[in-house]
Amino acid sequence: AQKVTQAQTEISVVEKEDVTLDCVYETRDTTYYLFWYKQPPSGELVFLIRRNSFDEQNEISGRYSWNFQKSTSSFNFTITASQVVDSAVYFCALSEPQTNTDKLIFGTGTRLQVFP
Amino acid sequence: DTEVTQTPKHLVMGMTNKKSLKCEQHMGHRAMYWYKQKAKKPPELMFVYSYEKLSINESVPSRFSPECPNSSLLNLHLHALQPEDSALYLCASSQESGTGARADTQYFGPGTRLTVL
Numbered sequence: 050a051q052k053v054t055q056a057q058t059e060i061s062v063v064e065k066e067d068v069t070l071d072c073v074y075e076t077r078d079t080t081y082y083l084f085w086y087k088q089p090p091s092g093e094l095v096f097l098i099r100r101n102s103f104d105e106q107n108e109i110s111g112r113y114s115w116n117f118q119k120s121t122s123s124f125n126f127t128i129t130a131s132q133v134v135d136s137a138v139y140f141c142a143l144s145e146p147q148t149n150t151d152k153l154i155f156g157t158g159t160r161l162q163v164f165p
Numbered sequence: 765d766t767e768v769t770q771t772p773k774h775l776v777m778g779m780t781n782k783k784s785l786k787c788e789q790h791m792g793h794r795a796m797y798w799y800k801q802k803a804k805k806p807p808e809l810m811f812v813y814s815y816e817k818l819s820i821n822e823s824v825p826s827r828f829s830p831e832c833p834n835s836s837l838l839n840l841h842l843h844a845l846q847p848e849d850s851a852l853y854l855c856a857s858s859q860e861s862g863t864g865a866r867a868d869t870q871y872f873g874p875g876t877r878l879t880v881l
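Residue numbers (my numbering), protein chains in the order written: chain A, 50 to 165; chain B, 765 to 881.
These are calculated hints, taken from the structure and not from any lab test. Since we're looking at a predicted model, the values are computed, not measured. It is possible that part of the hints are untrue.
Stretches of chain A that chain B covers, calculated by requiring three or more beta carbons in the stretch to come under 8 Å of a beta carbon on chain B [what the hints assert, rightly or not]:
1. 96-102
2. 150-157
Below, a sample of chain A positions facing chain B; criterion: calculated Cβ distance under 8 Å [stated by the list, open to error]:
3. Tyr82
4. Ser91
5. Gly92
6. Glu93
7. Phe140
8. Ser144
9. Pro146
10. Gln147
For glycine and all other residues, C-beta sits at the position ideal for the given N, C-alpha and C.
Okay, chain A solo, but in the shape it has when bound:
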């Protein structure tokens, strides 16, 4: 059965620290997509990244980087030199277009607090 696990419920760091948010997924499909979204206190879900199952290249976007490892079914997210504005809830999500059309299967989220 499909599932996304974000084991870290809450993480607190001090500004400029690096932080990694873990995401482990379960799927039987060979074609699937993984996403990360950021939800600041205002409530809007902000799209961060989309990755398909055939592309295992790691990605870097500014202070953000993602490590996709199919061997361990993980798609971890690292923020380098964290800032107070990074404080938010971060959701990892899985989509299986062939068996679960359009459904985003969300993890339970990780609340990140960055203190000055």
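Since the structure of chain A is provided, determine the placement of chain B on it from the hints.
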């Protein structure tokens, strides 16, 4: 431009009221979604519209009635709600849905915070 707008931002209603939530996107997307999110939980899918037709209803109670007047607009009509329906209601859109081959990115609006008294 990846903007999805939602109105109102906040809504307080009694259990006998009828109200509507509105969502709009101008990205040319052909799929639109309603999600419900309770505090400290992930969003839960309610409805999906594809090319203005309802394609998915996640067994949502009939007191929630979706409507897609055109490809840019999505409404959620509310009637006889219960206090447990209080939540953040999020709208999203994506380029397409139901392709079976890929999952397009869903872009979310800011949400409507609904309180049912």
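Now for the hints, and whether the structure bears them out:
1. 96-102: It holds, with 3 qualifying residues against the three required.
2. 150-157: holds (count 7)
3. Tyr82: Where the cut-off is 8 Å and the nearest Cβ of chain B is about 4 Å from Tyr82 of chain A, the hint holds.
4. Ser91: holds (7 Å)
5. Gly92: Since chain B brings a Cβ to about 4 Å from Gly92 of chain A, closer than 8 Å, the hint holds.
6. Glu93: This hint holds: Glu93 of chain A lies near chain B, its Cβ roughly 4 Å from the closest one there, short of 8 Å.
7. Phe140: Hint on Phe140 of chain A: holds, closest Cβ of chain B at ~6 Å, below 8 Å.
8. Ser144: holds (4 Å)
9. Pro146: With a closest approach of 5 Å, the Pro146 of chain A hint holds.
10. Gln147: holds (6 Å)
Every hint from the earlier list agrees with this structure, and none is contradicted.
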